[in-house]
Amino acid sequence: MADTPHGSVQDVKQALAEVGYLADEPAALVSFLAQRLGKPILVEGPAGVGKTELAKALSRASGRELVRLQCYEGLDESKAMYEWNYRKQLLRIQAGGEQGWQDVQEDIFSSEFLLTRPLMQAIASPEPVVLLIDEIDKTDQEFEAMLLELLSDFQITIPELGQISATTMPVVVLTSNDSRELTEALKRRCLYLWLDYPGAEREMEIVRLHAPELPETLARRLVEVIEMVRDLDLKKPPSIAESIDWARTLLLMGAEDIDRDTFKRSLSIIVKHRTDIDLVAERVGMKLPEPGRTG
Amino acid sequence: MSPAASSPYGPQADPGPPGMAAKLLGFCEELRGEGVAVGTSEILDAFAALEHVRWTSHDDFREALASTIAKSQDDRRVFELLFDRYFFRAAEAEAVARGVDESQGEGGAAEGEEPPGAADRLDLEELGERIREAMEAGDEDALRDLARLAIAAFGKGEGSGVVGVDVQRIRRTLGLSAGSQPPTEDGAERPPLDREQLTAFERHLRRELERDLIERTETLPPSRPLAELDRALPTSPTQDLAAVHRAVSQMKRRLATLGHEQRGRRHGQAVDVRRTMRASLETGGVPLRLRYRPKRPRRPEIYVLCDVSTSVTSASVFFLSVLHALHDSFRKLRSFVFIERISEVTDVFEHERDFAVVAQRISSEGGVADVSGYTDYGRVWLEFLTEISDELDPRSTVIVLGDARTNGRQPHAEVFAQIAERAGRLFWLNPEPRLYWNYGDSVMAAYERHCDGAFECWTTKHLENFVNVVAGGLPASE
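Residue numbers (the numbering used here), protein chains in the order written: chain A, 1 to 295; chain B, 1 to 478.
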């Protein structure tokens, strides 16, 4: 169902599941509301719970193109919105030597000389798109302020050209790792969604979806171990992506059960800090059965 | 009977005008009362969102409201607490207003649950057993019914009048507690109760007690603001550690760039002759505009002095975690702990990454509490000045973590002033609220004069605030 707003929350959930994203109830509801109300979604949560993936799945589910803006410190509007193509403008001035200044001036500040950057692309696109503004918390507050016009009215003001309004409503997803508090003004314009690590059942479904060859018993075992690991106080708990990677690794290793030996060998897939590795090996590894014993 | 007088919980609460819109506004009003910033635009969004979901689904309704109104994890938690309370009360208020009560209305639902009479109350042991089973099965509905049975078993209206007290009394009498369980009658071991299930049962008890109360008195108990404890997110010390690390890494970025840039522009800039000459070509060789050598952002060089005496015990862990995080982020960092004397612990932090071990080693081999174990700030400054002062230069930042309580000893503020003069910047983080500064033996004022900034700091929020101010921003609103 390309690009018709989904009829109900369940439809959205269904559509997301079809493209390989198992959304929980709140995520499906917020995605549904975002399409209905035309409001941006602000997704927060720990690293690796599928925030970015949600945007990608939305784009796949609705058949829209994904426009992605990766944020970093020091990102400014010339990299995010638009920039005048200075070289081309110079060429234009040199080429049309006999024209009057008035003509040239009008000409060089036209959309022909505009280099569009992700935000502008999303607004100007004739087809509706999904705009992903990833890790907005990495930018400065000034950049956030600049986004406000875009997020509330879906328009960008260029001094020389005037306002450019979106012809089609983009679905906007902003993600944040909560590394700093976002401004009230930004939050005010968004629907808020907190994504957390999934429950055992849902994680198992996700793992099974991405590694279908994995036997169910092993998948269950894997999810249990992952939960145990997440319960420890780690610097970086394993994300969903890492669970999936681990499942695939186990498949490659041809493991039949997660015993102490297998765990030790594949530990580095899910834990990526030296101190964490020690802690996990000590706390979780000991609870696993000895190799050779099935159980 | 007069409702207000008969309620043991206090005067009657205003049930408010009828209608969904009014209810929702009332809810938002309560949220604002709890410090959640709910703007008009949020309320409008909430109404817009509600047009698209089924109101009959409890979850959809709640999520739609939450996503439009509660815009952070903290807010979300307050929202959950209030949502349950508010809409439960709203429903009960409606029932009171319409004169619905269970004995006359829903005969079917009440059947089998109503106590047959005080004469044959249920056997408590059996009841406890059934509750245990329900908890193990995770059956919410059964738990709710059993909660009502439990209240009935204790007799309606015989409570102390304080819901919280009654809940705990009932729970204890039923022999329900987390942790190891008494064995069954035939001596078999029983698995421990799940703490979450227990909380769920308590919640049901609370709710049913409140429902009883409302039915009996036909009034609503007054709404009370949430306790600080309720609304705080459950955190573990290590989670806090992560938050401290986050704030500090932010501080690093800011210290490395923003702050210095601003400082550099003020004074003492060197003229770049080459670029000045180049620029003068525009004006026919007359150097109209001076070009300056760009100030290189300096590498932050940080000295941290951390009080670890008993008067700051509660804050020590926090301070040590700040130190720990600083060591993670800065290479040119020297840290000192002090009580009566000062001792450098840079090595400890550099060679040991596990926070628990660091804390343990500092307490065992810091060697800072010599005689009395009381802080001697004056002596600390003197020692610091003799040992370190040669290395202090305008590029260094000194951060003091301490409560400035000298235990009546000589504060040596003039020595402190010397340190402040040599160091580029000096900040003081005090683990006490500003209100307590300069009371008792605190001599904060004497030191504060020489600081570039003094801040109260005992949570990560304060730390972030400090970072913001250092970075030249506005202090975050509390």
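If you're looking for bench data, these hints aren't it; they were derived computationally from the structure.
Please note that the accuracy of each hint is not assured.
[To be verified] Here are the computed lysine-lysine pairs in the BS3-like style, where the Cα-Cα straight-line distance is at most 27 Å:
(1) Lys138/A with Lys235/A
(2) Lys264/A with Lys236/A
(3) Lys138/A with Lys79/A
(4) Lys287/A with Lys272/A
(5) Lys236/A with Lys56/A
(6) Lys272/A with Lys235/A
(7) Lys287/A with Lys138/A
(8) Lys461/B with Lys235/A
(9) Lys461/B with Lys332/B
(10) Lys461/B with Lys138/A
(11) Lys461/B with Lys56/A
(12) Lys138/A with Lys332/B
(13) Lys264/A with Lys235/A
(14) Lys272/A with Lys138/A
(15) Lys236/A with Lys23/B
(16) Lys235/A with Lys23/B
(17) Lys56/A with Lys88/A
(18) Lys138/A with Lys56/A
(19) Lys272/A with Lys236/A
(20) Lys332/B with Lys272/A
(21) Lys287/A with Lys235/A
Just so we're clear, the structure is a prediction, and the values are computed from it rather than from any experiment.
- Message: Checking each numbered hint in turn, tell me which of them this model violates, lowest number first.
- Response: 7, 11, 15, 16, 17
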